[in-house]
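These protein sequence lines are chains A and B, in that order. For the first sequence, the working numbering begins at 1 and goes up steadily by one. For the second sequence, the working numbering begins at 338 and goes up steadily by one.
Don't take each hint at face value.
Below, in silico cross-link-like pairs of lysine-lysine (DSBU-like), each with a Cα-Cα straight-line distance of 35 Å or less [claimed, not checked]: (1) A:K45 to B:K764; (2) B:K622 to B:K701; (3) A:K59 to B:K764; (4) A:K201 to B:K622; (5) A:K54 to B:K557; (6) A:K45 to B:K826.
Don't read these hints as lab results, they were simulated from the structure.
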Amino acid sequence: MFLRMSKRLGITLFSIAAVIVITFALTRILPGDTAEYFAGPAATKEAIQEVRVKLGLDKPKYQQFIRYVQDLSRGDFGQSLTTGQPVIRDLTSRLPASAELTLAGLIVSILIAIPLGVLAAVKEGSFIDHISRVVATAGVSLPVFFTGLLLSYFFYFKLGWAPSPLGRLDIIYSAPPQVTGFYLIDSLIAGDFEIFWAALKQLILPAATLAIFSLAPITRMTRASMLAVLSSDFVRTARASGLSTRKVILAYAFRNALLPVITTLGMVFSFLLGANVLVEKVFAWPGIGSYAVEALIASDFAPVQGFVLVMAVMYVLLNLMIDLLYGVIDPRVRMAA
Amino acid sequence: MKRRDFLKSAGALAASTALTAPAVFSPAKAQSRAETLLIVSEGGPNNIDIHGVGTNVPGYEVAWNCYSRLISHDMKKLPNGVEYYDKDKFTPELAEDMKIGDMSATFKLRKDATFHDGTKITAKDVKWSLDRAVTVGGFPTFQMRAGSLEKREQFVVVDDHTVRVDFLRKDKLTIPDLAVVVPVVMHSELVKKHATEKDPWGLDYTKQNIAGGGPYNVAKWTPGTEVIFERNENYKLGPLPKTKRIVWRIVPSAGNRRALLERGDADISYELPNKDFVELKESGKLNIVSTPFSNGIQYLGMNVTKPPFDNLKVRQAVAYAVPYQKIVDAVLYGLAGKVYGAPANKETEVAWPQPTKYNTDIAKAKKLMEEAGYKDGFETTLSFDLNFAGVNEPTCVLIQESLAQIGIKTTINKVPGANWRTELNKKVMPLYVNVFSGWLDYPEYFFRWCYHGSNSIFNTMSYQSKEMDKFIDGARDAAAIGDKATYEKDVKGMVDLAFADIPRIPLFQPYSNVAMQKNVSGYQYWFHRRLDYRNLAKG
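Construct the complete structure from the given sequences, taking the supplied hints into account.
Here you go:
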């Protein structure tokens, strides 16, 4: 077990190192000149050169890289030119926003998708199976920005039920004191229910948008996996032994079917974090995805590098977590280790 | 409990919940919403110091509203009722009096002016700030140079409340250049406290903090999300600003900005697509103000150093092939100024921009192509900046269609925003669409950037003409000594030459579009095209 873990960690560190090198190289290969972009619309050649020297972009690439790694080792991700802040501060303030939104979307999605998938498998070919197929296909075929705009059009613009799509809080409120960065949790810690309610209202539409998008993979995976398990020998044995259908499905079949579903959840979570970009744009959500895209458009290297690095670390941690979860759910994995 | 009592208590309970329920929106907050103006726009500032490295255009808006300058401009009313800055009239801001001598200008400062923290503004702050502007490099220094403000020795402290600006040379643009966004007056002691050896001008501090005495102060800034402004309650340099609190939220989706306006949740927005502006205007629910960019033109440029565009006949052919009216109608929905098709006998004006005498005339264009020796046409690329794709892309498609009729096959090249400036600077794109507008509204200022042989980055065509240089230099010198006759002759000369040689074809004069609720008043158009908050009021 320990050997396996340390081996895994070794591979992890190696991939993070590779990510650092590759993002550095990629951002430098990108066309576009940071200095020219930031020298402003009316800059002379000398003005551009001055900006370049100030940003240290006049140095050879390998020196820039050494400086970058040195800064990283001190926890300094550099400065973002688009927001004018240290990248690390931007990331720490924006990552919770994205994570809160993604988690909320994922939870809503799980609450709908897993029961739907199980039902569809149990009653294969029935009405509910078709419904689940239609819902999943429709959800995944609609681009997220479209679903987002559509929801915002109906529930905000037409019906006026949802609050204005102005990010995490309406303008009359200010953010609760930061503990976790999740407004829902922070407001409860501060005991401010008014803010909790306001933040929750802002969260509903974007989270629903993400949930609709991620319904498909979870439903389909749950259904497929349940079907496979339901037709296996041990389920037949359980049934033959006279266990109640409920017990067979929930205690035996479902638990065994969960493994591939967990893997899918991990993947869905990570791609939602990425797919967030569009939802963030539509709902003016100050998240990490729109941050990275804006930086990329302005060929602002530091935030892009920081973003990719943080995402890489999160992927790695997520995979680690899923591996550990396997062990909890399926004893065979523990035994094999 | 008797039934009657029960009903009573239930009633009381209902009443008390009825009273407490609205507390979710506490009255204090509803009150603050009424005194708050909500602005929504696509992008926000990256730096709130106009002297900073790479401060973006939204950053100018913060600097404009949170700092004061020695002088500013008066307002005049356009025929359509829009308040418009008067480029010829200056009004005192920090200076209560300005005396312009032969080779210097003396400013007497107001004695009651203070910074946001209450410290008195004195002459040494003014000198330090102007020194900073001409020294830090990059855009601010460059802008100061445009008005011949180049050296620190030019700014002299006479006494605590008097500053003299010495002229390096006679230049009509020196005084106007003191009223643009750049020459802000900063709290020198405060900034110096945060300065380091590596950063002698304290740029790291002012990047995130306001150190000024303008009508507003930044209460909170969350980059990429919002900026919250509070009124400077001790503002002495003019009337007290009308709105207590201004919240500027960044809403990237244009559709949502429109929805926010139509629902009445946002008070002001700009940077909406032209189509939305026109529809909003027609719906009549909002107040839409469209004002032409002062001294600005969107144009089709041609690289005159290489064939085929080194050939005058080819350039003229292109100028006759451009579908001007279609672009204004289909791309801009009519929200643009016409800069083509002046009658043949119309005399050139002493003004910029003004219409060319070109019209869409495919037959004439074909004939010119034949004369130029390109009977069978040629192939080229037509480039544009993706950052402004909303306008640029359809414009380019229309031009592409038209040029195909005279045998010019174009491939459209979409250049990402970050890359656009690099491409412009290389000066190799054969054909491209671009926009330029100058803060200082003088023809010779525009021409110096765009047509002069000194080949600035905006002379994107690499146009070189001794005759043109003579007109431009002549106009500047004539303006400096007030020689009106020569000035007018030279301005007419440069306009005529620019249209005859036609290295760049004016397409239209863009409009600055602002949409606001009917109860919002006090909008003013400024040369920087951003909002001035001082007069904005609600209700």
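>> Next pair to validate is B:K622 with B:K701; report whether the Cα-Cα distance is within 35 Å.
In response: 46 Å, violated
> Holds or violated: A:K54 with B:K557, Cα cutoff 35 Å?
Replying inline: Since the Cα atoms of A:K54 and B:K557 sit roughly 27 Å apart, the hinted pair holds (cutoff 35 Å).
> Keeping to a limit of 35 Å between CA atoms, is the pair of A:K45 and B:K826 held or broken?
Replying inline: 32 Å, holds
> For the pair supplied as a hint, A:K201 and B:K622, is the alpha-carbon distance within the 35 Å limit?
Replying inline: Holds - the C-alpha atoms of B:K622 and A:K201 are around 27 Å apart, at most 35 Å.
>> Can you confirm whether the C-alpha distance between A:K45 and B:K764 stays at or below 35 Å?
In response: 13 Å, holds
>> Hinted pair, alpha-carbon criterion (35 Å max): A:K59, B:K764. Please report holds or violated.
In response: 25 Å, holds
Checked against the numbered hints listed earlier, the structure breaks hint 2 alone; every other hint is satisfied.
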